[in-house]
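Next come the chains, spelled out residue by residue.
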Amino acid sequence: MNPRYVPLAATVAIFLAAYALCFLQYPNMLSTRVIGNLLTDNAFLGIAAVGMTFVILSGGIDLSIGSVIAFTGVFIAVVLENTGLHPLVVFVLALGIATLFGGLMGAIIHHLEMPPFIVTLAGMFLARGMAFVLSIDSVPIKHPFYAVMKGFYYRLPGGGRITLIGGLMLLVFVVGILIAHRTRFGANVYALGGGAQTARLMGVPVARTTIEIYALSGFLAGLSGIVFSLYTSAGYSLSAVGVELDAIAAVVIGGTLLTGGSGFVGGTLIGILIMGLIQTYITFDGSLSSWWTKILIGLLLFGFILLQKGFLYLSKNKRRFA
Amino acid sequence: MNALKSHLLRLAPQIVVLIAVVLLISLAFPDFLTLQMQNGRIYGSLIDVLNRGAPVALLAIGMTIVIATRGIDLSVGAVMAICGAVAAASITSGHSLVYTLALALAVGMLCGLWNGILVAVLDIQPIIATLVLMVAGRGIAQLITEGAILTFNDAGLIFIGSGSFLGLPMPVVIWLVFGIAITLLVRRTALGMLVEALGINRRASTLSGVSTGVLLIAAYILSGLCAAIAGIIAAADIKGADANNAGLWLELDAILAVVVGGNSLLGGRFSIAASLLGAMIIQAINTGILLSGFPPEFNLIIKAAIIVLILVVQSPRVRDLLAWFGRSASREAAVKQEVK
Amino acid sequence: MQGNDDIILSATGIEKVFPGAKALNNVNFQLRRGEVHALLGENGAGKSTLVKCITGAYRRDGGKLVLDGAEIDPRDTFEAQRLGIGTVYQEVNLLPNLTVAENLFLGRQPRRFGLVDAAEMNRRARALLSGYELDVDVRTELSSCSVAVQQVVAIARAVDLSGKVLILDEPTASLDAHEVEMLFAIVRRLKSQGLGVIFITHFLEQVYAICDRITVLRNGQLVGTRDAAALPRRELIAMMLGRELGDEIKQAGNAQASEGAVRYRFRGYGRKGHIAPFDLEVRKGEVVGVAGLLGSGRTETAEILFGAEKADSGTAEVDGKPIDISSPRTAIRHRFGFCPEDRKTDGIIGDLSVRENIALALQARRGWARPISRAEQDRLADRYIAALDIRTSDREKPIRLLSGGNQQKAILARWLATNPEFLILDEPTRGIDVGAHAEIIRLIENLCEQGMSLIVISSELDELVAYSRRVIVLRDRAHVSELVGEEVTTSHIVEAIAAADKREAGQ
Numbered sequence: 001m002n003p004r005y006v007p008l009a010a011t012v013a014i015f016l017a018a019y020a021l022c023f024l025q026y027p028n029m030l031s032t033r034v035i036g037n038l039l040t041d042n043a044f045l046g047i048a049a050v051g052m053t054f055v056i057l058s059g060g061i062d063l064s065i066g067s068v069i070a071f072t073g074v075f076i077a078v079v080l081e082n083t084g085l086h087p088l089v090v091f092v093l094a095l096g097i098a099t100l101f102g103g104l105m106g107a108i109i110h111h112l113e114m115p116p117f118i119v120t121l122a123g124m125f126l127a128r129g130m131a132f133v134l135s136i137d138s139v140p141i142k143h144p145f146y147a148v149m150k151g152f153y154y155r156l157p158g159g160g161r162i163t164l165i166g167g168l169m170l171l172v173f174v175v176g177i178l179i180a181h182r183t184r185f186g187a188n189v190y191a192l193g194g195g196a197q198t199a200r201l202m203g204v205p206v207a208r209t210t211i212e213i214y215a216l217s218g219f220l221a222g223l224s225g226i227v228f229s230l231y232t233s234a235g236y237s238l239s240a241v242g243v244e245l246d247a248i249a250a251v252v253i254g255g256t257l258l259t260g261g262s263g264f265v266g267g268t269l270i271g272i273l274i275m276g277l278i279q280t281y282i283t284f285d286g287s288l289s290s291w292w293t294k295i296l297i298g299l300l301l302f303g304f305i306l307l308q309k310g311f312l313y314l315s316k317n318k319r320r321f322a
Numbered sequence: 001m002n003a004l005k006s007h008l009l010r011l012a013p014q015i016v017v018l019i020a021v022v023l024l025i026s027l028a029f030p031d032f033l034t035l036q037m038q039n040g041r042i043y044g045s046l047i048d049v050l051n052r053g054a055p056v057a058l059l060a061i062g063m064t065i066v067i068a069t070r071g072i073d074l075s076v077g078a079v080m081a082i083c084g085a086v087a088a089a090s091i092t093s094g095h096s097l098v099y100t101l102a103l104a105l106a107v108g109m110l111c112g113l114w115n116g117i118l119v120a121v122l123d124i125q126p127i128i129a130t131l132v133l134m135v136a137g138r139g140i141a142q143l144i145t146e147g148a149i150l151t152f153n154d155a156g157l158i159f160i161g162s163g164s165f166l167g168l169p170m171p172v173v174i175w176l177v178f179g180i181a182i183t184l185l186v187r188r189t190a191l192g193m194l195v196e197a198l199g200i201n202r203r204a205s206t207l208s209g210v211s212t213g214v215l216l217i218a219a220y221i222l223s224g225l226c227a228a229i230a231g232i233i234a235a236a237d238i239k240g241a242d243a244n245n246a247g248l249w250l251e252l253d254a255i256l257a258v259v260v261g262g263n264s265l266l267g268g269r270f271s272i273a274a275s276l277l278g279a280m281i282i283q284a285i286n287t288g289i290l291l292s293g294f295p296p297e298f299n300l301i302i303k304a305a306i307i308v309l310i311l312v313v314q315s316p317r318v319r320d321l322l323a324w325f326g327r328s329a330s331r332e333a334a335v336k337q338e339v340k
Numbered sequence: 001m002q003g004n005d006d007i008i009l010s011a012t013g014i015e016k017v018f019p020g021a022k023a024l025n026n027v028n029f030q031l032r033r034g035e036v037h038a039l040l041g042e043n044g045a046g047k048s049t050l051v052k053c054i055t056g057a058y059r060r061d062g063g064k065l066v067l068d069g070a071e072i073d074p075r076d077t078f079e080a081q082r083l084g085i086g087t088v089y090q091e092v093n094l095l096p097n098l099t100v101a102e103n104l105f106l107g108r109q110p111r112r113f114g115l116v117d118a119a120e121m122n123r124r125a126r127a128l129l130s131g132y133e134l135d136v137d138v139r140t141e142l143s144s145c146s147v148a149v150q151q152v153v154a155i156a157r158a159v160d161l162s163g164k165v166l167i168l169d170e171p172t173a174s175l176d177a178h179e180v181e182m183l184f185a186i187v188r189r190l191k192s193q194g195l196g197v198i199f200i201t202h203f204l205e206q207v208y209a210i211c212d213r214i215t216v217l218r219n220g221q222l223v224g225t226r227d228a229a230a231l232p233r234r235e236l237i238a239m240m241l242g243r244e245l246g247d248e249i250k251q252a253g254n255a256q257a258s259e260g261a262v263r264y265r266f267r268g269y270g271r272k273g274h275i276a277p278f279d280l281e282v283r284k285g286e287v288v289g290v291a292g293l294l295g296s297g298r299t300e301t302a303e304i305l306f307g308a309e310k311a312d313s314g315t316a317e318v319d320g321k322p323i324d325i326s327s328p329r330t331a332i333r334h335r336f337g338f339c340p341e342d343r344k345t346d347g348i349i350g351d352l353s354v355r356e357n358i359a360l361a362l363q364a365r366r367g368w369a370r371p372i373s374r375a376e377q378d379r380l381a382d383r384y385i386a387a388l389d390i391r392t393s394d395r396e397k398p399i400r401l402l403s404g405g406n407q408q409k410a411i412l413a414r415w416l417a418t419n420p421e422f423l424i425l426d427e428p429t430r431g432i433d434v435g436a437h438a439e440i441i442r443l444i445e446n447l448c449e450q451g452m453s454l455i456v457i458s459s460e461l462d463e464l465v466a467y468s469r470r471v472i473v474l475r476d477r478a479h480v481s482e483l484v485g486e487e488v489t490t491s492h493i494v495e496a497i498a499a500a501d502k503r504e505a506g507q
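Just so you know, the sequences run in chain order A, B and C.
Taking my numbering, the leading residue of the first sequence gets 1, the next gets one more, and so forth.
Taking my numbering, the leading residue of the second sequence gets 1, the next gets one more, and so forth.
Taking my numbering, the leading residue of the third sequence gets 1, the next gets one more, and so forth.
Keep in mind the hints are simulated off the structure, nothing from the lab.
Even glycine gets a Cβ: it sits at the ideal position worked out from N, Cα and C.
Check each hint, because a few of them may be wrong.
Rough simulated footprint, nothing fancy, chain B against chain C, three-plus residues with beta-carbon under 8 Å [claimed, not checked]:
#1 178-187
#2 362-373
Straight line, CA to CA, 27 Å or less: simulated DSSO-like cross-link-like pairs of lysine-lysine [unchecked claim]:
#3 K52/C <-> K22/C
#4 K272/C <-> K309/A
#5 K309/A <-> K397/C
#6 K310/C <-> K5/B
#7 K321/C <-> K344/C
Chain A extracted, bound-state conformation (with noise of 0.2 Å):
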């Protein structure tokens, strides 16, 4: 087998066997009920983890996401009770200001070289701050096109239900897997990934790609965060604390590398179906307690770290002794 489908692969058996374990224990758990709930629970999850797919393939960091879903969330909910927009000029403004924010930390980030590590820090700081300007407190969304919006599901056999939010993950994972594959800017994210240096002597635009990148990623964090009104029909600045760091787990689990360059945008989601499994399970299980999930996924990331770096090591033997 290709030596970049093992991690892949590895995502898919784990997920797959879990599964199998999950259904042998609670037979329960193989309904399209508890699939339409896992895609709606994380559907917010899954479209930020889209964008930092695109940031970690290209051997960068965000650390920014989880505060612009809860300055997105604030953002829509104060407009909204504020002024009489329509929810969706909200949204279009929103997504334009997440985008904006996520270019301009890549153009920080690339004209001064700094590491994205610090960078996005800062803007993790500065999107949860102006989250906090706008409101402290949680502000509930009433508009009547939020139930309108709400009341979109597709039915599956079996009483499950596909709602807006889990379609659209499901739709941006498979943008966002045409984006990687059959793009020139996708090949690009890889190319950046694979070397800066190689990849601007074969004529890669690193700085337009780097700035779009971080655009990319804000604007999937900004959709995040409209999805994430949607889930919970109100913005907080106190929410989603965190996110980042779930997303950076999911993309991980998800088989993509840390250092860059190699991964898939489709294993990400199975990360995220990975880590909502694990939550489902201890939800059924009832005497587990939450915190098994933080470290089982911790031990996962461990694992997945391991392997690639298990792998990196044999290709490299193997290309000395070759």
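Starting from the known structure of chain A, arrange chains B and C on it as the hints suggest.
For chains B and C alone, kept in the frame of chain A given last:
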């Protein structure tokens, strides 16, 4: 004498900024500078700054060394939660104070050892290696406290959080003493120089006979120890271990303190004193905002502004630009002189 | 052979100055259509600087470039590429994580309805590679291809993008004989298509196997351009190393070196993939020179002796007692010292002061708990700054601000401060000015007189001859011969390198 002068020169920007921040706040709130003596203990906003800033100051000590080795430790917040939980669990199950403290410190160092082995032996990037414990650590802490806030009423342990010594709150005494002790340890021995050499050029250091692997692991162990002390203080302060919130996001504040202290994120030359001043600058701003009646959340925007400012100042591009301006300025001066 | 006027690329009077050094001095170079032209010289001779001036990676400080009759002035490698000059480096400049086809078409992928048409791209990639007789699935990731295939892909991309001149910068360094033959078949075909090929290598038999003409550079100067067929191997090596043949004068001063007891004995010492097992004996107060062309295993020998690379065969002894040197630390414990060839990455700690750089190895050996006091460090630094004449405004200056020669002396001082008994110097005089040159040679002789054992690796043969009692000649990562006493002359060394070369070529 010369060494002292160059040291003060190194710390000058941080000292100036700290003084400026304090002056600015006291202009708006003259009470800020007032100190009172009550029951043999000093009270006042300045003491408050020192006290509230204790956890970040402690974390910044370890973080300074780790960053000097060209690394980073994202797990310190989670390690704080673990160690606070361990201390609370140990004291509530009837162990002695000494045993409890030793256990919590040992657990912190064990966490550091784990990180150090991942970085030095398995050669995993520090940011990735320490991410594992950052994610899992809080779960481990919750496992220990079983999800609840584990409260205790052992007078000895509480004293660490709210007692006082020589008129100063215990947390202040602890971070000052620990900071001075670690500074002496690295500067009175050769450790400081060896760590700097390792951070600047690991390969050349290894070729010169420096045990770079051992030093790296030691740096992460120190960081774990600092997190353990900070965790004990945080737990003692609220008389309980809160696995959810103890040390939450403090790793970022600690990194910020190191950066505000003028230490390069790319490793090498470091100053613990400067990082501690950085931690106090951050805390003074926090307190100032609190006093001014702004919501404390404004801190975040100020922190973001500080990072951007430092980024711009440290950026190689901007530095080149400044150097260019400097050169052309001196060239102009030279031309003017020739004209005369 | 084509006429002289069929010149595709001509560089005249090229000058390049780096701070403190003239890298190219009035160099002329002409490339004909349909020829393979070797560009030869030792490290620092100016080969890569010349190539970079041609490809626009460096801005030249003087001279003229004419491509295909028109004067050109490429500002960067992209412009050179558009004009028709493509380059392939030893370190394959492609992305290992992309597929072969993606590497060939990065940035110019065929698109349909705005999306990359992968099928079309793979088809075109197959068509492009069909001219190279390459049996590879264009959909595989580049990293899972052999280095040879990667090189061919790089060549295919460069030729496809440029198409007039192809520069091959040490493309064969990590290929085996069969792969080299495959690469040469491709180069011959490109040549027959009228491409001009500049070929940089340090494998002389490859030069004779494929090149029509040879240009030799030394110390930034043009030594000469000759037809390969009319240039005997010995003469070529003499051109590269700067020795006239018949220069048999044995330098005085080393013939009477003592016949003391053997102090250091290495038997069957080696490491797979680095250096073939060798035997080596070094006496007290003796300088053993190591000669060989670039890539012959000189630096590998030094690294394995110092424990920077672990030996996987053989034994090491000091005074008859077996010792273990599995790391630099253990080597230093046995009073070894090592000045590496690459000062920047392996030697200096750039941001630390001259004082700290000098004290580092001694401090590391004493352990962290026994610091060298500041006063002692100052004394140490001052002593060596004076003794070795290290030019620095003061001892607290960061060492990266010093010139190369002074950095080299500071690293020497770092080791001398540890009182070593066995010192390994890898190219101690490379890239430093003439004055410092002479001082370092004098220092080597002094140390030897004081009873230190030294191994000195150098491509400056007259230097080696001046201070070595014995010279080991390396070739192809193996020790091939040893010259002792009266045999140590520059022409003997040149002959030994060439002879080994011939024997290899004759196999």
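Each hint, compared with the structure:
1. Coverage of the stretch 178-187 of chain C by chain B is violated in this model, with 0 residues showing a Cβ closer than 8 Å to a Cβ of that chain against a need of three.
2. Interface restraint, the stretch 362-373 of chain C with chain B: holds (10 residues with C-beta to C-beta distance below 8 Å; minimum three).
3. Of the supplied pair hints, the one linking K52/C and K22/C holds, its CA atoms being roughly 15 Å apart against a limit of 27 Å.
4. For the proposed pair K272/C and K309/A, the alpha carbon gap of about 24 Å is at most 27 Å, so the pair holds.
5. This hinted pair does not check out: K309/A and K397/C have alpha carbons roughly 40 Å apart, beyond 27 Å.
6. The suggested pairing of K310/C with K5/B is violated, with an alpha-carbon distance near 45 Å, which exceeds 27 Å.
7. Straight-line distance between C-alpha atoms of K321/C and K344/C comes to about 35 Å, which puts the hinted pair past the 27 Å bound.
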